[in-house]
Amino acid sequence: MEKHPSYQALAHVLPKYPRAAGCIFQTYNDILLAQQWTEVQVVELESISRAAITGKKPKTDTTLHVVPCSLAETLSFGWLMKAFSQLGDPPEIYLAITSDDASLVYYKLSRGIVKPHI
Amino acid sequence: ANKKAFVWDVDDIATLRSKHHVCGIFTGTLPHLSQQNLFLGVPMVLMPEEVVFLVENEIAVLVDDPKAHLQPSIAELQRWSAQEKELTQLQLAQLAVAAKDSPEMSEEAVKKRKEREAKRKAAAAQAAAAAGESLFTPPADGAPPPQDSQYSMIIPASSTPFEWYNDSTCVYTTISSAKQAGLWEYPSNLQERAKCGVFRDLWEQGMFMGGGIRFGGDYLVYPGDPLRYHAHFSASILESPAFSLTPMEIVAHGRLGTVTKKSHLLCGWDDETKAVTYLSIEWAGFG
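Protein chains in written order, with full-length UniProt numbering: chain H, 1 to 118; chain F, 1 to 287.
The set of hints was computed from the structure by calculation and includes no laboratory data.
On the chain F side, residues computed to face chain H include the following (Cβ under 10 Å):
id, residue
1, Pro241
2, Phe243
3, Ser244
4, Thr258
5, Lys261
6, Ala284
Chain H is faced by these chain F residues, among others (derived, beta-carbon under 8 Å):
id, residue
7, Ala242
8, Leu245
9, Pro247
10, Val251
11, Lys262
12, Leu265
13, Leu266
14, Gly287
From the derived model, a few chain F residues whose C-beta atoms are all more than 10 Å from chain H:
id, residue
15, Asn2
16, Val10
17, Ala93
Virtual Cβ for every residue (Gly too), placed ideally from N, Cα, C.
Please take these sequences and the hints and turn them into a complete structure.
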């Protein structure tokens, strides 16, 4: 992992949160290289022991927040609330769910009762 | 009855739906469409959360129906019996009028019937002769046999017209009094309390709730009457902020919701603050 070009941007968080290191690394690479987001940054989320990745989707101007987690983890409603509050209460966050076979899915979680996007 | 609440009066059902936006489910057979169960009728059964909500908001009361049917007196029974007889006579009279009005048989039909009768008589005579018995007296003129007097017994849906029905001793205006009397049990644990709390919160926002089993949730949430709208959300309830939630559930709920053009609502109940927080889940559309 240390020899990977992305390591530098994540060097300050990966050793600090070893349990989440794998999913943070996987999500960061996907966002930066596969989804090709711009202005990608790493934000520490101490209350849930990991880091979030923020950035803008190509050709858009809103900053979105992605919280990585692993399929094997157990979350809770309170955990999600902590994620929201530590990111400064954005209207929505994306949960990036990673797994051992390198698959990654993103789900949008919005605060409140939000009608489905048609 | 048996810890389920039913509504029997059609006017009450209409009020519940239009004024208090509580829908309920029909479970009774429709008398004129009795051979199918796609369309059902009275009585309407209510979800336990709907019952708790209606009683707490003083919109409805719980009645222990079996106990309200007291032993009728002889006089009351006689009056009831007389009334039933009157109804029966009325029905028979109406049937008689209807039979007379039916079209008379055509000439052809009358001739055919006479031929059939003659054949039958001949066959019977042969059989009797073969058996060695003397010919029995010729049967009566070929008149059709008298119709069985058929009438229907009508059982009213509502119990209140009966003279001996008196519910004054078994009406319960609060959930706790009904629980003490052993009539009602819900809510009995945190999970059930959470469901009641979320139901109330969604109702207060003007939503209609239906059963969620069709879409894998606890409720289907409609922004208005279900006859007019498709549900926008399927809701599932998390009974406390610490209750464990796996990412797999988020994937399952999110995907099912998106595919059916709904959002999935995660409703988190906090038993201490008695508040509900909502999170809407949707597939992100990328990745």
